[in-house]
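Asker: Protein chains in written order, with the working numbering: chain A, 300 to 403; chain B, 35 to 208; chain C, 71 to 690.
Hints were generated in silico from the structure; no laboratory data involved.
Keep in mind that the hints are not guaranteed to be accurate.
To be verified - So these bits of chain B aren't anywhere near chain C, every CB distance computed over 10 angstroms:
hint	residue
1	43
2	70
3	88
4	101
5	111
6	132
7	136
8	143
9	161
10	165
11	180
12	192
As the list claims (entries may be wrong) - With a cut-off of at most 25 angstroms between alpha-carbon atoms, the simulated PhoX-like pairs for lysine-lysine come out as follows:
hint	chain 1	residue 1	chain 2	residue 2
13	C	226	C	96
14	C	226	C	644
15	C	93	C	226
16	B	129	C	226
17	B	129	C	93
18	C	655	C	644
Heads up, the beta-carbon is just placed ideally off N, CA and C, and yes, glycines get one too.
Listed below, chain by chain, are the residues.
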Amino acid sequence: MSSVPVSAFLALALILFCIGLYGALTKRNTVIVLISIELMLNAVNINLVTFSKYGVNPSITGQVFALFAIAVAAAEAAVGLAILIALYRNRRTVNIDEMNQLKN
Amino acid sequence: MTLTGEFFAFMSLALVAVIGGVLLLNLTKVIHMVVALVFTFVSIAGIYVLLSAEFVAVVQVMIYSGAITIIMLFGIMLTRHHGEEAEPKGGGLRKLLLFLGVLGFGAAVYLGIYDLNFEAVPNTLHENNTEQIGISLYSQYIIPFELTSVILLVALVGAIVLARKDDEKEGDKE
Amino acid sequence: MENAWLIPLFPLVSFLLLLLFGKKLKEASAFVGILATLASLVYSILVLLERLSEPTYKAETVWLTIGDLQLTAGFEVNQLNALMLVIVSLVSFLVHTYSKGYMHGDERIPVFYAYLGLFTFAMLGLVISPNLLQTYIFWELVGVGSFLLIGFYFYKESAKAAAKKAFIMTRIGDVGLLIGMILLFWQTGSFEYDEIFAAVEEGAVSGTMITLTAILIFIGAVGKSGQFPLHTWLPDAMEGPTPVSALIHAATMVAAGVYLVASMFPLFNASETAMLTVAIIGAFTAIFAATIGLVQTDIKRVLAFSTVSQLGYMMLALGSAGYVAGVFHLMTHAFFKALLFLAAGSVIHAVHTQDIEKMGGLWKKLTFTGPLFLIGTLAISGVPLFSGFFSKDEILIAAWAHGNYGLFWLAVIAAFFTAFYMFRLFFMVFSGEARSEMKNVHESPSVMTLPMVVLAVLAVVAGYVNTPWFGSFLGDWLVEGNEALGHGHIAGPGWIMIVATAVSLLGILLAWMMYSKKSISRDWLSSRAPIVYGIVKNKYYIDEIYNQTVVFGAKAISLFLRFIEIFLVEGIVKLTTAAVQALGKTGAKIHSGQVQTYGTIAFVGLAVLMVIFALTGGYL
């Protein structure tokens with residue numbers, strides 16, 4: 300059977316997810332924040348695909364699910380960027396530190 | 035665990051993916067970060083291949099490495115940049131807190147997965163992978179599939195509306 | 071009589087009016103107070119007259135309902151209440167009038183009259199209360215009024231201290247009263263006098279409990295009436311304006327303790343021990359205060375100690391089952407002591423000092439005050455034909471008839487002392503050579519002398535309502551329809567009256583020889599027994615003893631508590647505020663409006679939860 304254990308794939312996904320999370324919450328450039336979120340979604344996709352092959356009940360559904368996730372992620376990236384552009388036009392910055400309208 | 039080709043492939047792909055992620059965190063120029071992430075995306079596609087998901091791998095390369103990266107690059111170019119990630123001011127405590135939080139989260143999750151091993155069940159995912167996906171998508175998941183098309187349409191329209199210039203919008207109203 | 075509840079309301083209205091409009095009325099506010107008390111007085115007299123022919127009237131409404139229990143509020147007009155109403159409103163009215171002259175020129179006249187109104191309201195309310203609870207409420211209100219009036223010259227340190235002392239000392243007694251009241255309520259299930267007495271008569275309350283409650287209530291009376299050992303506040307209370315001393319600390323409030331014992335008389339009467347306690351405390355106070363009075367040099371303090379002594383007499387009377395004698399003396403004392411205080415006030419008003427060593431030869435200058443003072447002095451000394459003679463006689467007879475022979479002789483000696491120190495006071499103030507510094511002495515205005523004249527008349531004639539010669543009208547009336555109160559007149563051996571007269575005349579004679587004729591040296595006692603003199607002069611060092619023991623102990627405890635307060639309580643408080651403040655500041659800082667910060671917080675919270683789950687045995 301496979302020489303690579305399931306936990307290795309899952310651990311890789313975990314590491315990537317953590318990197319994405321850390322990036323999303325610390326980076327000050329909004330574009331990078333968006334990309335970090337994409338990375339987190341990718342980590343989730345790895346998990347889905349892994350379980351589709353090595354799960355208790357292997358089936359193609361995991362991959363289909365991953366495809367849906369990719370589609371939604373693409374849509375999210377497009378909308379996110381549109382919002383970013385609109386925001387930039389109003390505030391002339393992509394620096395997330397200066398986006399504190401929630402405060403007032 | 036033997037040093038098979040599969041293992042070797044996984045290790046190298048995983049290494050590239052993680053390095054890409056770390057570079058994303060540590061590089062200073064925004065463009066470089068995006069490029070570093072392309073490596074990660076491509077490696078993930080390789081991982082998909084290892085997991086007998088060829089179609090998903092191809093989609094990964096096309097969507098992530100292609101479309102999303104390009105969109106992000108456009109985003110970077112359309113907005114003004116100093117080119118470098120500015121040093122955050124006084125966020126040191128927050129970063130530390132977050133780092134500890136992420137570390138704890140990772141440790142807690144790892145505790146749950148490190149000795150996870152399911153009974154290996156023989157499967158046929160690698161045979162006609164694309165066909166299987168197609169059959170599944172157009173039979174079992176037809177309604178979600180169609181809904182996804184709606185989501186993409188909405189995202190398209192929404193993105194255009196959002197990114198359009200405000201004065202034009204006001205002009206429309208009048 | 072149905073509207074007797076209006077009587078206390080007049081002074082209350084005056085109090086409220088003066089509170090609201092006092093600043094505008096200025097000196098005219100005196101008239102508000104005078105009119106209000108006049109209305110009370112007229113009404114009180116009407117009620118008394120009506121009460122002479124009609125039975126007791128009592129009206130109550132439900133005040134509070136607690137479960138099955140109903141607390142009532144209302145008023146009662148029985149003999150004692152009606153009599154007290156007249157005494158209080160009469161003295162109050164006269165004092166109000168007198169103050170018009172005495173306080174003339176004081177800026178705070180409206181405040182003064184407002185306080186007087188409050189006090190009069192409370193006192194009148196006290197005497198018509200039909201139950202203990204209401205009594206207690208007014209009892210405390212009276213205390214407040216007294217506190218305010220003693221501290222009227224609040225810018226004087228001594229006045230402030232005296233006010234606090236009076237309040238705290240009477241409060242000690244009030245605690246006793248409160249406990250006694252609660253015990254009684256527990257035992258009988260009612261605050262009503264009638265129901266309590268009925269329960270006591272039926273034997274529903276055990277003998278020990280009766281004794282205990284009676285003594286506790288007596289402690290309240292001890293505090294209010296300045297009986298030993300809680301008497302020390304009364305002389306200090308003389309820091310208040312003199313009319314206040316006359317009203318509160320001679321005629322009314324201090325008599326409230328006597329009134330309380332009198333109105334609870336059936337309860338006391340049911341316990342031999344309680345009666346004996348009352349009698350002993352009374353007699354002891356009478357002689358004790360009288361000896362102190364012998365050597366005091368402050369005119370008001372002499373009168374104050376004399377008040378304490380006379381209140382002791384009343385207690386002795388009540389404790390010797392001489393209900394009538396006690397109440398009778400309460401009435402006569404109210405008149406002649408108020409007269410003495412007002413006259414003393416008039417003297418002080420004229421010479422601007424209270425030290426009798428500096429006075430002298432005022433007889434010719436104060437042509438009104440002098441004779442009036444003399445009348446008061448004669449009355450209190452028990453000279454025949456004056457009111458004090460009859461009432462004191464009654465007390466002595468009561469003590470003798472009850473079998474308290476030791477106490478009887480104590481009272482006789484106290485009577486001798488009383489006559490002596492009162493005439494010592496009189497001679498030192500009015501006879502002898504006029505001092506050089508007393509040049510521009512002038513008689514008080516008529517607004518001050520008239521009330522004194524009224525009181526002087528009463529001080530002479532008030533005794534005739536209850537005499538062994540012309541019938542004991544007052545006594546018979548007081549005990550009418552209530553056997554528990556004893557007989558209207560207690561027959562006693564005829565020689566008692568002669569002895570009483572003899573000792574008072576002897577006292578007067580001695581005083582005359584010492585201070586007027588000077589055939590006996592004034593230093594006769596102080597030179598022969600300086601230690602005794604010193605002890606008496608310093609009021610038996612009671613104040614000092616209290617300072618050394620009670621006050622010192624209290625201070626030590628409070629110091630200790632203060633340390634706890636500073637380091638423990640305040641520490642905790644400060645820590646709490648600091649913690650809250652820090653939390654708030656952190657919170658405010660976190661709410662920077664930045665999504666990433668919010669995200670961090672939320673995620674860290676999640677991570678912490680997950681780690682806790684992982685450490686406590688996996689995923690729940």
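Asker: Next step is simple, just say for each hint if it's right about the structure.
Answerer: Hint check results:
Look at residue 43(B): its CB is around 32 angstroms from the nearest CB on chain C, clear of 10 angstroms, so calling it non-interface holds up. The Cβ of residue 70(B) sits about 21 angstroms from the closest Cβ of chain C, beyond the 10 angstroms cut-off, so the non-interface label holds. Residue 88(B), annotated as away from the interface, keeps every beta carbon of chain C farther than 10 angstroms; the closest lies near 34 angstroms. Against the 10 angstroms criterion, residue 101(B) stays outside the reach of chain C, whose nearest CB is about 25 angstroms from its own CB.
Here residue 111(B) stays apart from chain C, with its beta-carbon at least about 24 angstroms from theirs, past the 10 angstroms limit. Not every beta carbon of chain C lies more than 10 angstroms from that of residue 132(B), the smallest distance being close to 5 angstroms; the non-interface claim is violated. Residue placement check: residue 136(B) does not keep its beta carbon more than 10 angstroms from all beta carbons of chain C (closest about 7 angstroms). Not every CB of chain C is more than 10 angstroms from the CB of residue 143(B) (nearest about 7 angstroms), against its label as outside the interface.
In this structure residue 161(B) is separated from chain C by more than 10 angstroms, as the shortest Cβ-Cβ distance comes to about 36 angstroms. No beta-carbon of chain C comes within 10 angstroms of the beta-carbon of residue 165(B); the shortest separation is about 38 angstroms. For residue 180(B), the shortest C-beta to C-beta distance to chain C comes to about 33 angstroms, beyond the 10 angstroms cut-off, and the non-interface label holds. The beta carbon of residue 192(B) is kept farther than 10 angstroms from every beta carbon of chain C, the shortest such distance being approximately 20 angstroms.
Distance check on the hinted pair: residue 226(C) and residue 96(C) sit about 23 angstroms apart at the alpha-carbon level, within 25 angstroms; holds. A threshold of 25 angstroms between alpha carbons decides the hint, and for residue 226(C) with residue 644(C) the separation of about 36 angstroms lies outside it, so the pair is violated. For the given pair, residue 93(C) sits about 23 angstroms from residue 226(C) by alpha-carbon distance, which is consistent with the 25 angstroms threshold. For the proposed pair residue 129(B) and residue 226(C), the alpha carbon gap of about 66 angstroms is over 25 angstroms, so the pair is violated.
Straight-line distance between C-alpha atoms of residue 129(B) and residue 93(C) comes to about 68 angstroms, which puts the hinted pair past the 25 angstroms bound. For the suggested pair residue 655(C) and residue 644(C), the alpha carbons sit about 16 angstroms apart, so the restraint of at most 25 angstroms is met.
The structure shown violates the earlier hints numbered 6, 7, 8, 14, 16 and 17.
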